[in-house]
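K.L.:
Sequence lines, in order, name chains A and B.
Everything in the first sequence is counted per my numbering, starting at 365 for the first residue and increasing by one.
Everything in the second sequence is counted per my numbering, starting at 365 for the first residue and increasing by one.
It is worth saying that the hints were derived from the structure and are not from the lab.
One or more hints might be untrue.
Each pair may be met inside one copy or between any two copies, as identical chains are not told apart.
[Unchecked claim] For lysine to aspartate or glutamate, the following EDC-like pairs were computed, each having C-alpha atoms within a straight-line distance of at most 16 Å:
#1 K419 / E594
#2 K536 / D603
#3 K624 / E585
#4 K643 / E586
#5 K464 / E444
#6 K459 / E444
#7 K459 / E448
#8 K529 / E688
#9 K555 / E574
#10 K643 / E653
#11 K464 / E448
#12 K495 / D513
#13 K669 / E448
#14 K541 / D630
#15 K629 / E693
Number of protein chains: 2
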Amino acid sequence: MTGLAKILGVSTSTVSRALKDHHSIGEETREKIKKTAINLGYIPNSVASNLRRRKTNHIGVIVPRIDRYFHSSSISGIEEVANEAGYYVSIFQTKDSYIKEVESVAILMSNKADGIIACLALETSDIDHYKQLANTHIPLVLFDRVCSDLESNKVLINDYDAAFKACEHLAKIGCKKIAHIAGNLNSSIFKARLEGYKAALIKNNLTINEDLIFYGNILSEEEGHLFANELLSMDTRPDGIFCANDITAVSVIQTARERKFSVPKDIAVVGFSNTPISKIIQPSLTTIEDHAFEMGQASARLLIKQIEDNDKNIVSETIIIRNELIIRESTVPLE
Amino acid sequence: MTGLAKILGVSTSTVSRALKDHHSIGEETREKIKKTAINLGYIPNSVASNLRRRKTNHIGVIVPRIDRYFHSSSISGIEEVANEAGYYVSIFQTKDSYIKEVESVAILMSNKADGIIACLALETSDIDHYKQLANTHIPLVLFDRVCSDLESNKVLINDYDAAFKACEHLAKIGCKKIAHIAGNLNSSIFKARLEGYKAALIKNNLTINEDLIFYGNILSEEEGHLFANELLSMDTRPDGIFCANDITAVSVIQTARERKFSVPKDIAVVGFSNTPISKIIQPSLTTIEDHAFEMGQASARLLIKQIEDNDKNIVSETIIIRNELIIRESTVPLE
DNA sequence: AATTAACACACAAACGTTTGCGTAATTATA
DNA sequence: TATAATTACGCAAACGTTTGTGTGTTAATT
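With the hints as constraints, model all of the structure from the sequences given.
P.N.:
Below, the structure is given as structure tokens:
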């Protein structure tokens, strides 16, 4: 811009205002400036602008693992509405590590992100790094895996309800011994899913048997196979299982198949998240649709509202996204 | 920092140097500065630093669709090595739109990204926006979907070879009429895969029949089903098919199943990318492993090398990542 | 015709760092 | 003891914008 100004023999302030169509610049000079800006291939320096304006139009996203479908689709949702609103998105992957999460927040603070959207790492229980954000006035939206100790904006589904629905469905189709593959209970969602599971069992007069609850961590394929083999070897085999994610549910189905058990006849299976695999596996998987993409969109909208809202009275807001049970062959045999 | 300096009664330059362990600052003042920096919760302003240093430690990534497994895993690979090297990553999703790609590049130039890693949108054939990068001295790495008209760093697999292997495998197991679901031929990879397909047919004395080549675009599930229904309705049904991605290959398997055709007996199927679904579908899918994560890693390493390399003699470099055919049930029946 | 308003632009400070250079005070060298 | 070298810091410019204020010129108002 300094260059442009020199060439045109005007001041930088005039150039700056002309390029933004400020009314105080005459029609003629404005056009002249714009034209030569294009001709000379002028590229505005956003980092200088960001420094001066104290605004970066940049929002940071912190997720456990980008390559899990739930997260990549929520990022996709975030990216869509952020771009629409003139923000760009940078991604930080924690791999569920607390330290990486802390580092990511630090980088985003230092880089003056206008706001942060985060899904908590499994390891995270101390959340001082997010509390620190409050001092810097950087708005925060937690999504999916949130934290009750932290007053912040939240976007989530009702995991308790979803799990309840899932397990009640199992009970309704006649399961008497319903197992559960639980996730890391440090995480809000997995705790809630476990509670929902228990509540549904009680409601349906089924006893809660600790032997039927498998406590996983990252809920990988491997964990799924491990648990599946365990539970299929039990003396009194469960006849239904609610898995805290689709990945482990798929592993259960595969293991059952390998070991010549029938799904759903021998054991009915329910997953969580309605990832693409769930439609494709045979038998297709009953699961909870949690609308990851929409969660991303809602998170971004909420964050941007907070960024741009001048009404500083609103401290925080919580949005619950709908969820629904999608019944497929893994709980209901084909006719 | 200005604040810190005022409180401590030293100059900002001293603070700046102290925090970076510059030798010219005395042990004592250095420690004092560091300590109060921590106590006061001082957060360095990277955007000011970026402006002054003319370096952002920020690399931009442009991909078609984050929620496709190939891309999310390559992003994951990029993110891993970038973070390791002290860079952070921002993501731009083109949804295969040319305009969005151009906009993304513009934003990244304006934001003074230290480098860009991109996978071309399907729509993209004009690549002036990347050529413009050369003037700004922002290094570029294209990965997977590259462009021969553009002199730049590239990371890709040999799609021709991979397709050739895939189709030769089909021929070897006895397929006589091999069909192909091709992607958008505007894209380097899909053109190469088509060529590889044709070459393998010729090598194996099979005639190339245009009726057996289905020209897709984004290779979605829907496209897959459409083509599958078409080809399964042909008078002389093909007995093998090479699909340019896993998504359509899975659709073909599903459609065949619905229509009571047997895979691989009636028709053998090969996909591309070894996405998670390919292991899980029944019959499991023979496919090409293209090492998306490693491509991401290699791209980031190459880019960072270019960013940090002072040897300006190297203009560009091309890295070919290995690929292998993974043979599964969709081409070889279980015993 | 005198006063006010509107217009079109320039000046200069500010955003918060980094960095080349200058300069005292101390220590080493001849 | 005079000179040089070293140490430890400050000064001020620079990075490229944005923006409040100042100013000269022209147009509108009474």
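K.L.:
Indicate, hint by hint, whether the structure satisfies it.
P.N.:
Hints, verified against the model:
{"no.": "1", "hint": "K419 / E594", "in the structure": "neither (54 Å within a copy, 54 Å between copies)"}
{"no.": "2", "hint": "K536 / D603", "in the structure": "within (12 Å within a copy, 44 Å between copies)"}
{"no.": "3", "hint": "K624 / E585", "in the structure": "neither (19 Å within a copy, 30 Å between copies)"}
{"no.": "4", "hint": "K643 / E586", "in the structure": "between (21 Å within a copy, 14 Å between copies)"}
{"no.": "5", "hint": "K464 / E444", "in the structure": "between (25 Å within a copy, 11 Å between copies)"}
{"no.": "6", "hint": "K459 / E444", "in the structure": "between (24 Å within a copy, 10 Å between copies)"}
{"no.": "7", "hint": "K459 / E448", "in the structure": "between (28 Å within a copy, 14 Å between copies)"}
{"no.": "8", "hint": "K529 / E688", "in the structure": "within (8 Å within a copy, 43 Å between copies)"}
{"no.": "9", "hint": "K555 / E574", "in the structure": "within (15 Å within a copy, 56 Å between copies)"}
{"no.": "10", "hint": "K643 / E653", "in the structure": "within (12 Å within a copy, 23 Å between copies)"}
{"no.": "11", "hint": "K464 / E448", "in the structure": "between (29 Å within a copy, 11 Å between copies)"}
{"no.": "12", "hint": "K495 / D513", "in the structure": "within (10 Å within a copy, 50 Å between copies)"}
{"no.": "13", "hint": "K669 / E448", "in the structure": "within (13 Å within a copy, 33 Å between copies)"}
{"no.": "14", "hint": "K541 / D630", "in the structure": "within (11 Å within a copy, 41 Å between copies)"}
{"no.": "15", "hint": "K629 / E693", "in the structure": "within (10 Å within a copy, 25 Å between copies)"}
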